[in-house]
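Single-letter residue listing:
2 protein chains.
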Amino acid sequence: MTLLLVKTHMSYKGFLEKIKACNTTNIGDYIPFIIDQQQHGWIKPVFAKKLAAWPEIFILNNKSVRLADSIQGFKKRSEAVDEATHKLVQQGVIKVHLDEPYPVTAGDRNQAVMTLDRSAVPYFGLRSFGQHLNGFVRKSDGIHLWIARRARDRHIAPGKLDNMVAGGLPWHISLEKNLIKECAEEAGMDESLARQAVPTGTISYLAESDKGIKPDTLYCYDIELPDDFTPVCTDGEVESFELMPVNKVMDIIHDTGEFKLNCNLVIIDFFIRHGLLDPDQEAYAELVSSLHQ
Amino acid sequence: MTLLLVKTHMSYKGFLEKIKACNTTNIGDYIPFIIDQQQHGWIKPVFAKKLAAWPEIFILNNKSVRLADSIQGFKKRSEAVDEATHKLVQQGVIKVHLDEPYPVTAGDRNQAVMTLDRSAVPYFGLRSFGQHLNGFVRKSDGIHLWIARRARDRHIAPGKLDNMVAGGLPWHISLEKNLIKECAEEAGMDESLARQAVPTGTISYLAESDKGIKPDTLYCYDIELPDDFTPVCTDGEVESFELMPVNKVMDIIHDTGEFKLNCNLVIIDFFIRHGLLDPDQEAYAELVSSLHQ
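Heads up: the sequence lines are chains W and X, in that order.
Per our numbering, the first sequence starts with residue -1, numbered consecutively.
Per our numbering, the second sequence starts with residue -1, numbered consecutively.
A portion of the hints provided could be inaccurate.
For identical chains, the list gives no copy identity; a pair is met inside one copy or between any two copies.
Only pairs whose alpha carbons sit at most 20 Å apart, straight line, appear in this in silico EDC-like list of lysine to aspartate or glutamate [to be verified]: (1) K179 x E189; (2) K209 x D67; (3) K212 x E284.
Since the hints were made in silico from the structure, they are not lab data.
Start from the sequences and build out the full structure, keeping to the hints where you can.
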């Protein structure tokens, strides 16, 4: 096998730790959020009690929170819950209303049954979606990856390392269009270059915050870049970019906490797909399957 | 995105059906098989009753079958259960003893706690491991895949389509060595060519037969082949090979049952990793995650 780049002395323990760090949820602490007889999210009992103020919208018992069956259809569901969300913001239960509708779905993002403001998504434990792009260059000594350093003024993960392009997915924009937009904003790529990105699958994990569960699905992409391309950030999210040999990226991910947590998983998936990890190593199969939770 | 080859009018329903066909198990029909306080397999209650004949080896209750804690260590466990396996063959409960030790593991194949004869593996519902290789050629009109037609005299899936190289994994041979051996036997590849195969991850599924549950993990590989290479079967497993345009392979997998069941999953994973499926299509993320069960 073309394992020239594999450092077979390296255990994969540090990779497994990074995946576990994105899957910290104890599901037993939550109760299901049900729409139309199907579970869509997970709610903390303490938040469920707040929802009891709207018995015409939320049907509560000890085992679940159910959206009232009398509220049918995409628009009516979205409006009813958004009204409650606004009041929860007034009550100080939810910090802010962002006016960014996110899809509510038990399957893919294009199978949504309603929308919910982005700010409320973790409280209802709903799956959210993102896109991450690995930008790489093939050199005579192997693959090099373009790695971003996040700006120090970010709310999330200031100063941490990041994928070349990465972002959340608002409602009602296709993956294709959103990726082209993010490639322009975050790396200064024109549309014709961005269209050379190759979709390579998804990864998923079950994170947790003080707000609740955050199940995430990230759509992953690779782009092989020409030698003379240098990414330029145009929206202030990134402080700088560095083209790193893949072995250096491997060491950083395995041995440090330098990367924004979920980026570790996107790049471990990149290592696997490109044959940079050795399946004869202990826990290789566990590594692969744990990227899909 | 480089979706030139994607037939966006095609739904992915036929792909999901193929994945479901490899995941037919109703886990509620089985009880756990436990070694050293950790679950390793799933056993049918009717088979558990047969194991009651060896109370010094198998500790039974209604909820589980446990390997006696008095039997400690890799060698002693393997010998004790192999003795019972031989007697189960004499009793006609298990058809045959194959003298092929398989690893018994709750994790990767190199984390085994004992071995068990291959013939007994499905009765204990233990995970087994295989290797599948996608052989492909890049032409001006896109990717072409080398597809095998299985010999008509095979016990398993006679006459069905198959990956270029595919095989089960015996105990105590590395993935690397076994792949080189299978590449020689099944496709007439010399070692230097076989070593160009790139490991790309795993897929897993939970199949079921009249014997019991068969959880499988397949280590997947890609090899990009030169134009002038033609695979030649040397061990009688394959009747013929055909180099097919990837769109033709997509149609066959989506619309027919021509492929051996688990090969569908290996090739769907190939489509995903090579950017041949469109993430904006319904159920794309479900497709990816359902390849890891």
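Practice task
Go through the copies and call it for K179 and E189: within, between, both or neither, with a Cα cutoff of 20 Å.
Solution key: within (8 Å within a copy, 46 Å between copies)
Practice task
Have a look at K209 and D67 and pick one of within, between, both or neither, based on CA distance no larger than 20 Å.
Solution key: Neither, since 26 Å and 44 Å both go past 20 Å.
Handout entry: Status of E284 relative to K212 across identical chains (alpha carbons, at most 20 Å)
Key = Between copies only: 18 Å across, 22 Å inside.
When the structure is compared with the earlier hints, a violation turns up for hint 2 alone.
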